[in-house]
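Protein chains in written order, with my numbering: chain C, 1 to 334; chain A, 1001 to 1334; chain V, 2001 to 2334; chain D, 3001 to 3334.
These are calculated hints, taken from the structure and not from any lab test. A virtual CB, placed ideally from N, CA and C, is assigned to each residue, including glycine. Every clue listed holds true.
The following residues of chain A were derived to be distant from chain V, with all beta-carbon distances above 12 Å: (1) E1219; (2) G1281; (3) H1302; (4) S1307.
Below are the DMTMM-like pairs computed for lysine to aspartate or glutamate, each with C-alpha atoms no more than 20 Å apart in a straight line: (5) A/K1071 with V/E2005; (6) D/K3038 with C/D8; (7) A/K1259 with A/E1331; (8) C/K212 with A/D1209; (9) A/K1170 with V/D2022; (10) V/K2071 with A/E1012; (11) A/K1014 with V/E2048; (12) V/K2014 with A/D1041.
Protein chains: 4
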Amino acid sequence: MNRLEEFDRRWEKKNLGLFHADPRYREPQPSYEPCLWKWKDMEEALKEASEIVSAEEAFRRTIAFRNPSLKRGATHTLLMSCQTVLPGEIAPAHRHTMTATRFVIKGGGAQTTIEGEPFPLERGDFVTTPSRTWHDHYNGSSEPIIWLDGADGPLIRLLEIGFSEPYGAKQQECTKPSGGSLYELAPARPSWVSPDPIQPPPYRYRWEDTEKVLKALGEKPGDPFDGLLLRFVNPLTGGPTLPTISCEIQMLRPKEVTKSHRHTSSAIYHVFSGKGFTVIGDQRYEWESGDTFALPLWRWHHHGSRSGEGAILFAMNDRPVMEKLGFYREEEHS
Amino acid sequence: MNRLEEFDRRWEKKNLGLFHADPRYREPQPSYEPCLWKWKDMEEALKEASEIVSAEEAFRRTIAFRNPSLKRGATHTLLMSCQTVLPGEIAPAHRHTMTATRFVIKGGGAQTTIEGEPFPLERGDFVTTPSRTWHDHYNGSSEPIIWLDGADGPLIRLLEIGFSEPYGAKQQECTKPSGGSLYELAPARPSWVSPDPIQPPPYRYRWEDTEKVLKALGEKPGDPFDGLLLRFVNPLTGGPTLPTISCEIQMLRPKEVTKSHRHTSSAIYHVFSGKGFTVIGDQRYEWESGDTFALPLWRWHHHGSRSGEGAILFAMNDRPVMEKLGFYREEEHS
Amino acid sequence: MNRLEEFDRRWEKKNLGLFHADPRYREPQPSYEPCLWKWKDMEEALKEASEIVSAEEAFRRTIAFRNPSLKRGATHTLLMSCQTVLPGEIAPAHRHTMTATRFVIKGGGAQTTIEGEPFPLERGDFVTTPSRTWHDHYNGSSEPIIWLDGADGPLIRLLEIGFSEPYGAKQQECTKPSGGSLYELAPARPSWVSPDPIQPPPYRYRWEDTEKVLKALGEKPGDPFDGLLLRFVNPLTGGPTLPTISCEIQMLRPKEVTKSHRHTSSAIYHVFSGKGFTVIGDQRYEWESGDTFALPLWRWHHHGSRSGEGAILFAMNDRPVMEKLGFYREEEHS
Amino acid sequence: MNRLEEFDRRWEKKNLGLFHADPRYREPQPSYEPCLWKWKDMEEALKEASEIVSAEEAFRRTIAFRNPSLKRGATHTLLMSCQTVLPGEIAPAHRHTMTATRFVIKGGGAQTTIEGEPFPLERGDFVTTPSRTWHDHYNGSSEPIIWLDGADGPLIRLLEIGFSEPYGAKQQECTKPSGGSLYELAPARPSWVSPDPIQPPPYRYRWEDTEKVLKALGEKPGDPFDGLLLRFVNPLTGGPTLPTISCEIQMLRPKEVTKSHRHTSSAIYHVFSGKGFTVIGDQRYEWESGDTFALPLWRWHHHGSRSGEGAILFAMNDRPVMEKLGFYREEEHS
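Between the sequences and the hints, there should be enough to build the whole structure, so can you do that?
Right, dumping it as structure tokens:
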């Protein structure tokens, strides 16, 4: 024990200690590694869960992608899970600080009710549940529905600011017509609508609309690192999907291989359709429809599609956090 | 001539003179009066113009609503005209500082090309032509089309900042697909789109979309002064239609009569459908489908619908100018 | 009279007429010319006015720089005057839509009270009187004070939105300490201060502070077109001086000659100290301390200093109007 | 082990697991407790450190306030230390993602050089070192100087985005004059200054200026929860001190006792002068000049001064983070 360690030990009881500034060059070293989850595993787990979790526990039929390098979450700030709701089931109403998103990957005919407005859930639909909005889900169809639950839960944990509240009843009363916000938030906008300075309104981005955009723009060069990249923006202001999360659709055209870059945001990707690969650092991850993978921050990465029809990825990242706090940096691989 | 007048006369040759501050209470006194134009007059004038204006002069087949109290314009800042383009005709390409808008009131099957993108023009469609964007029009259908041309021409004159340029060819080359911007500016937005800090992109607000919004929200209480009021917003940011102009659709439900107010913005209204009246000051103006009227600033006014089916008005005002410069004020009639 | 003129004449009675679009190339052609006012004229006029305008009419002892090409104002949007207040006189309290500024050019020891706060007025001080703030002036010193009154009066006229109100008493009660806003708006800012989205607070920019900045930065290259250029910014947000007006101090170092440019904003310059010249179009204007001159929009111009000690200009322009409405353009002379 | 635990254990090897949503009411429960550090301890520790840390290790002569409930930091997002630099010593140049602040509590005559500009450091001065700006310190006086180092280090750790770089030489070359930014960022602002959208410029808030504001506003009612509260704002935009940190001066007038509230931001307070107490939850902390204490988020708290002359606190909090991400909430104690 040198004299500095000895100093620290002595002052520890007064809650004082030398500040260990390290003068050497350092870059972000994420505390976790990339991870790939195969759809066949998740599918089987969901089937089992459908059997062992009862209707009363329906809200627990959500299976998280666990990054084994982390205590919780798929990255240090983001989590992703698959939730399945069986025909007739209700996931009970509650709200929390945690911001959530739904992206439907199988089935349809269900709805999520947010702040009194029912939003239909069909395959490919993307629905936002902003922080502290009441929400419940109901599957009124005759087959199970499966969606991806994305959230900033790990960030909420790090920042220690999580509030959570049950609604008091199993379901909210629907006080607004289904699809109403699609009309209220259109470019011909009612006079009573005005944007909140921070929170976007709950919103449903219909797959039929997203698909039209992909088709209409399929020939465009797109982004050098991410293919044809669509961002789900706040429909009122054009800002990021949510204050802490950006969600995106990424289309890799047949045989498209992107350039490599790295950035201080982390991301989770889900393969909506097609086949391809992502190289992260010196590791290559082969993926196909239904697979999910996590990208740590500041790792070099690029994507490629394999199949004749290209591939479509759904992606969620924490870039808005990094940008707003002044921490966003990006580098192109030379 | 008193001593002050004599002072002024003496110093006039040096370009100096007493500043005449008037210490009394004053409110805005518009230099012009309300004006109502009947559709049957405009219709007949357009028919005559179609005969006497040749195809080569097609760009002149635009008939302006002239407010007799003003040298030009329908209000001190805004102008409105009706343009008709006959089958096969082209209105040649040019651009100018003046911001323009088109609202189709009769016919269809035509297109306006703006910055290389053709925008279809069908009845009820509203298309913006932001300041300094190249534009030309073409009627490829078999019947004449008539639209309202709205613009900030009088404001441009007052501010003396008008630039104007012919294109060099009769028509622009179409470098973008028809309807492309509808996809580029959707809430699932391509990564290459980013808003200009001031100018919105050219945009087409399809009547079929506007109508859906009106139908979906028809039961809402709406605005106390304007009925169910939809604002055409900048699709990228939610800001006003254009930097100097706000365009709106106003639906008065059957027998709806609004409250009276006044404001420092002026407006031009066109009756898209239905029948009703507007009271401006102590004068009542009865209007029906196709009529157009001008509202001076700071005049008390309210609207009412007559017909069983209510009425739909298209409105254009200069409120963004007044708001940005800090001059917007509004008062509710007690 | 050709067939189109005949058409117009016939339809005039219905308030309709052909829209005369001119397809040729056009640039802004200001309706007025540059103008230079010599200090010895203004000085003599002020002296005369001090004799013929009584204390009761003190608010009229303001002599405007009249641009002979315009009905009112020194440019189409801006006006400038010299106001003199004699020892013991009060210019009575009122408010108006018109935004005003004061720049003290002779004397001192007076004060302007704005919204209950007295602002001292010393030579070189610049004080803003935002739209619709109550204000009155008092000269408590033993010598006359002279300041430049700048305002957006002509713009207010063009937009027809002028309100004006007498206060009811000759002077406001001082409810705030002299110099209070200097402390309230400092970078260590009290929690109760929050910026208005459009209007800045009334503010005094002390000459002693401005002069320190000029001295500290005197060696910097500055702006290629305007020498060392300081802008008086909204102390709360860094935005323009006022919503419609930017005020600036421009220091031309000894023998500095700037590059030539033109822009869609117009300006009024006052020579605070030194000697020099400004070339506007092909005309050269020689100026010296106390002179004032007007620059129309879109005219090529450059400045030069003559004297060994350089020159300091106070300038006021309407650039914020042009920028906010999307009309600002600037070109460097090749 | 129930069936759900058994499920989890089985799927763990595939990195899948049930998402444990807890439907009960929850509020933030900070992972740490308040802590008070006495000045006499810190003073003694600094004296010892001055002896055992050599000039070559000068950058290590920084003693952190360690919250015993946390691995690092005084709150979960913020750290505070005391740094002492002896006469003639240099703390070598480097930069990092971590945002830092200096608040001088003893001595003076030193300087911190940031991005080539030397900033004098005198007692009470507050200087910001924004993220990724080069900085080094030098004590050119004849006595030790002590300042508080505040930083968002723990937040940087949580977000895992820390970059760090040595400069290559012990000190930066001074390329700007001392005090230059005070002039460049004044309300009469040079044309070349324009704000970065996120990062403020490095800035020195001189104690003599802060003190003048405190004196001028001493009679104002101030904030109900914090006394007379001054926020150090971004001098260019009026925004928060730094993207992740707000720093404040809080004056409690003699015998002033504030109301109690709680909020989702956490804070560290340092007693610059005076005596008083802070009640956090049901614990009362008595403090006097030189003491430091940490306030966890979402704890009820109020402050009171004791001494005849009142008290002045320097405070640092993470409110900008919570506000930007949409997580800020505040409640007044009923």
